[in-house]
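Hey, can you work out the whole structure from these sequences and the hints?
UniProt numbering applies: residue 1 is where the sequence shown begins, and numbers increase by one.
It should be emphasised that the hints constitute simulated quantities derived from the structure, not laboratory data. Only a predicted model underlies this, so the values are computations on that prediction, with no experimental measurement involved. Every residue, glycine too, gets a C-beta built ideally from N, C-alpha and C. Hints are supplied without guarantee of correctness; some may be wrong.
[Claimed, not checked] No farther apart than 30 Å at their CA atoms in a straight line, the calculated lysine-lysine pairs in the DSSO-like style are these:
1. Lys625 / Lys559
2. Lys618 / Lys516
3. Lys564 / Lys541
4. Lys625 / Lys615
5. Lys116 / Lys82
6. Lys91 / Lys123
7. Lys541 / Lys516
8. Lys609 / Lys541
9. Lys166 / Lys16
10. Lys625 / Lys541
[To be verified] Quick list of simulated restraints, FRET-style, between CB atoms:
11. Ser133 / Pro185: 25 to 33 Å
12. Asp228 / Gln278: 33 to 41 Å
13. Cys125 / His489: 51 to 59 Å
14. Lys615 / Asp228: 38 to 46 Å
15. Thr505 / Tyr565: 18 to 26 Å
16. Val597 / Arg130: 33 to 41 Å
17. Pro388 / Lys615: 51 to 59 Å
18. Asn268 / Thr49: 36 to 44 Å
19. Arg122 / Thr512: 31 to 39 Å
20. Met88 / Pro388: 38 to 46 Å
21. Thr517 / Ser602: 18 to 26 Å
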Amino acid sequence: EIVAHASNVSSLVLGKASGRLLATGGDDCRVNLWSINKPNCIMSLTGHTSPVESVRLNTPEELIVAGSQSGSIRVWDLEAAKILRTLMGHKANICSLDFHPYGEFVASGSQDTNIKLWDIRRKGCVFRYRGHSQAVRCLRFSPDGKWLASAADDHTVKLWDLTAGKMMSEFPGHTGPVNVVEFHPNEYLLASGSSDRTIRFWDLEKFQVVSCIEGEPGPVRSILFNPDGCCLYSGCQDSLRVYGWEPERCFDVVLVHWGKVADLAICNDQLIGVAFSQSNVSSYVVDLTRVTRTGTVARDPVQDSRPPAQQPPHPSAPLRRIYERPSTACSKPQRVKQNSESERRSPSSEDDRDERESRAEIQNAEDYNEIFQPKNSISRTPPRRSEPFPAPPEDDMATAKEAAKPSPATDAQFSVPNVCPGGAGTLEVLSRPPVITSTPAPKAEPAIFPATRNEPIGLKASNFLPAVKIPQQAELVDEDAMSQIRKGHDTMCVVLTSRHKNLDTVRGVWTTGDIKTSVDSAVAINDLSVVVDLLNIVNQKASLWKLDLCTTVLPQIEKLLQSKYESYVQTGCTSLKLILQRFLPLITDILAAPPSVGVDISREERLHKCRLCYKQLKSISSLVKSKSGLSGRHGSAFRELHLLMASLD
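Structure (structure tokens):
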């Protein structure tokens, strides 16, 4: 046991990526970060004025969100060691939190029975979901980011469609509060654990129960699917159970004296479990290579000594539908990045107050620098992999004695990392392998021209400078030098003059006509730079957008999204987002409406425009989906657009 807070621990979470980073929230209003198997706290985050009821790390373990008893939510950037956002809106304590798989949104569930989806970049609530009648205890996003599952004290599990902003299905059946839900990593399958000592598996295509496992030794508080989806782990009272669901069966039971385990994570074929009691936190490790995950039913050493019932042979279950994840070129989802320090925070006085009240106290600078700071630099070596926890001494001796014969799966299946009183485990940080340098390859012209750059692209300074004098060559005269310096200048002047003339034409049309006419004139010029300049103005005032304007702009947006210039892509993404937010619900409603009786010319015109916009949006949707795996700001923008366009599929 290790002391994690000055007062009682009220919540904790393990980093799922590494299985080493641990975050704890306490009644002392602090959020502390630890590394398992090290004695000192890495960082302590302050700012909450009431006990921290829920904490959650994002997938790359670079952001952390914490909800308090007062209903406030705070998001910290662990790399920058500072507060990122404060989100207010709930009227009671925060019971559950979860990051969207792409890290741009946070879902929160509260004692006030509401679920809210927050945009952490813009500090705003995107949707509010109502339907539960009691506290929402657990929230989980689906692997593809389109659904949100919620579990509550009202004995129900609900599935929400993020794009439509409404409930897809409700799963009744539990007779007690539902404490935890978990999506299958690949298939359309959902598992839920309840205080009624049952685990239920739900088919997300047919929206019906697949199987139900009963007879747990206590309330189910923590469950986790194996990364390949072959089985489900359940953290029970003083034991770990391994389950299958078609048919329902228990593959193995491992005795682990962890009491009431609070969270589970898997890394390097080891399952890490953490539990807390009052101000103490304990960590445990189970070697999964010695645990039965498929095959016959296991005997239960906890409940009785009766022989296991023989399960009838069961044909392999048909494969369910697989989640369609956006293809990514990176090894991990991208974190929300801001361009500059001024964009990291809102300029409001409220955020300034949050900045003063919230602090990130780095208590172990060496561990902090090793864990978080290397992520800011580009690594030219393969990413580090955390090594498995060492086995306890008794396991080593048993292995030496039993080298000639395989040991049973139930012998010494867990080890407890060494911890010392007065601290909590800290993440085991490995030294980086030496970096091997090589002669840099010639710099090629980039496929995307960044919007902000310090040097011209495609221009060579040697073209504007006198040639190197060769002894045999005559001395360069002033006229020749000036001609080389002015090389290309006349061409650039012609381009800029033509662009200025085109913008004057569009401006003249705007002053005499409406916005639609001016956009038509800009499109007729057949110069994307003019379209970009005009859209940058129109995007600043959303009221200028009309349905007929969308029919003209959408084909141009498709061209902008395929441009090699970053500024063009940014403008196209901004315009497309405005159209989706303002007109997509209208378009879908009009297309889904039954035909009217009689002749309505205005309705027919509106229906024609909606059909045209829908066809163009479908064409753009495939392009957005193909680019949603990009890294950086582009990838973040395309993933957000892909989420908004999900209703078109």
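Hint check:
Between lysine 625 and lysine 559, the direct Cα distance comes to roughly 15 Å. Compliance with the 30 Å bound is thereby established for this hinted pair. For the suggested pair lysine 618 and lysine 516, the alpha carbons sit about 23 Å apart, so the restraint of at most 30 Å is met. A distance of roughly 26 Å separates the Cα atoms of lysine 564 and lysine 541; the hinted pair therefore holds under the 30 Å criterion. Note on lysine 625 and lysine 615: the hinted pairing holds, with a Cα-Cα distance of about 16 Å set against a maximum of 30 Å.
The straight-line distance between the Cα atoms of lysine 116 and lysine 82 is roughly 24 Å, inside the 30 Å bound, and the hint therefore holds. With a C-alpha separation of about 17 Å, the suggested pair lysine 91 and lysine 123 falls inside the 30 Å cut-off, and the hint holds. Among the hinted pairs, lysine 541 with lysine 516 is consistent with the structure: their alpha-carbon atoms are about 14 Å apart, no more than 30 Å. Under the criterion of a C-alpha separation no larger than 30 Å, the hint pairing lysine 609 with lysine 541 is consistent with the structure, at around 22 Å.
About 29 Å separates the Cα atoms of lysine 166 and lysine 16, which keeps this hinted pair within 30 Å; it holds. For a cut-off of 30 Å, the pair hint linking lysine 625 to lysine 541 stands: about 27 Å separates their Cα positions. In this structure the hint that serine 133 and proline 185 lie 25 to 33 Å apart at CB holds, the actual value being about 31 Å. Between aspartate 228 and glutamine 278 the beta carbon distance is about 37 Å. The supplied range of 33 to 41 Å therefore holds.
Checking the proposed 51 to 59 Å range against cysteine 125 and histidine 489 shows it holds: the Cβ atoms sit about 53 Å from each other. The beta-carbon spacing between lysine 615 and aspartate 228, approximately 40 Å, falls within the hinted interval of 38 to 46 Å. Range check, threonine 505 to tyrosine 565: Cβ separation about 22 Å, and the 18 to 26 Å hint holds. Range check, valine 597 to arginine 130: Cβ separation about 36 Å, and the 33 to 41 Å hint holds.
Between proline 388 and lysine 615, the C-beta spacing of about 54 Å keeps the proposed range 51 to 59 Å intact. Between asparagine 268 and threonine 49 the C-beta distance comes to about 39 Å, which sits within the given range of 36 to 44 Å. Judged by the Cβ atoms, the range 31 to 39 Å given for arginine 122 and threonine 512 holds: they are separated by roughly 37 Å. Methionine 88 and proline 388 have their C-beta atoms about 42 Å apart, which keeps the hinted 38 to 46 Å range intact.
Checked against the given bound of 18 to 26 Å, the beta carbons of threonine 517 and serine 602, roughly 20 Å apart, stay inside it.
Checked against the numbered hints above, the structure violates none of them.
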